[in-house]
Amino acid sequence: MVDRTRTSGLVRCFDRIYDANHRALHAYFLGRTSDPEAALDLSQEAFLRVWRNVSKLQGLTPQRQRYWLYTVAKNLVADLYRGSAPRRAARQGVLAGLRSGGNHEEGPQAALESRERLEAVDRTMSKLPEDLRTALVLQVMGRLSSSQIGEALGMPAGTVRYRIAMARKRLAELLRLEEDVGTKGRT
Amino acid sequence: MTDHNLDLPPDAEARLDLLLAEWVDHRGLSTSRTEQLRRAVLATHERDAALPAASPLDQGPEWWSSLFTPLLTALSQASTTGYQSVGPGMEAEPGPGIGYRAYMRLA
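Residue numbers (our numbering), protein chains in the order written: chain A, 1 to 187; chain B, 188 to 294.
One or more hints might be untrue.
[Claimed, not checked] Below, computed lysine to aspartate or glutamate pairings styled on DMTMM-like, alpha-carbon distance capped at 25 Å:
no., chain 1, residue 1, chain 2, residue 2
1, A, K127, B, D212
2, A, K169, B, D204
3, A, K127, B, D194
4, A, K127, B, E233
5, A, K127, B, E209
6, A, K169, B, D194
7, A, K127, B, D198
8, A, K127, B, E200
9, A, K74, B, E222
10, A, K169, B, E209
11, A, K169, B, D212
12, A, K169, B, E222
13, A, K56, B, E233
14, A, K169, B, E233
15, A, K56, B, D212
[Said to hold, decoys possible] Here are the simulated distance ranges between beta carbons:
no., chain 1, residue 1, chain 2, residue 2, range
16, A, T71, B, P197, 37 to 43 Å
17, B, D204, A, P36, 18 to 24 Å
18, A, V11, B, E209, 31 to 37 Å
[What the hints assert, rightly or not] Some, not all, of what chain A presents toward chain B, calculated at C-beta under 10 Å:
no., residue
19, Y18
20, D19
21, L30
22, L48
23, V137
24, V140
25, L171
Don't read these hints as lab results, they were simulated from the structure. The beta carbon of each residue, even a glycine, is placed where N, CA and C say it ideally should be.
Start from the sequences, fold in the hints, and give me the full structure.
Below is the structure:
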């Protein structure tokens, strides 16, 4: 009885941490790796570590929990770059379901155009320097403010704002959005 | 920091926002995927927790080698009949990895 109560308390704590951070953490991994599959894989690994340590995390403030989580996240990315990533192959089965298909229903022509636009954004995102991309993705996908991003990455909010502005400028240049606007304005 | 002008024309700004919103919509975690990921984490943990603690039978070749190599070495050095101590140190109380006294009847 006591064990069951304790377990449900741990699950509630895990859920709180998960709900508060999953979107931003996934965005962080996507920003760092520019690889959707790696981002999912790393998100799962990070939250597995949360679950394994949830009794210790229970006593921390949300800020400290976030700090702990991003420290783990940075280490996981470092492991990935060192070529000693967590056993990804063993997790392929679990992740296969997460990766299967999107849930966006469109006509074939619209779907094709949408796919081309998305692939263009994918390509240009991957061309951005990692620090700019990470800040931008944390903002647009992670829905974090500049100060929250700064807290997670350990830098001033002003630097984050600069990186986001720089990332947007580069994206617009690479996607030729400014040229298109100019061309359309002349015609 | 450099003094680049980072402002985008309003039209380009708006188009970029739309593109990014579409990209986030497709590449971000949907509600269903968010829940799937949460369940996958908990299920993986439960599967890990359900595994029994490692027993000697689960140990790899190095563990077995560490267990038997001293014994085989000592046996190869034994030359007399009867119950023999099979090597220095082996008469002592067994270490935590060895559950028996290393005595053996030799022909």
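Original post:
Of the numbered hints stated previously, which ones are contradicted by the structure, given in increasing order?
Top reply: 4, 12, 14 and 15
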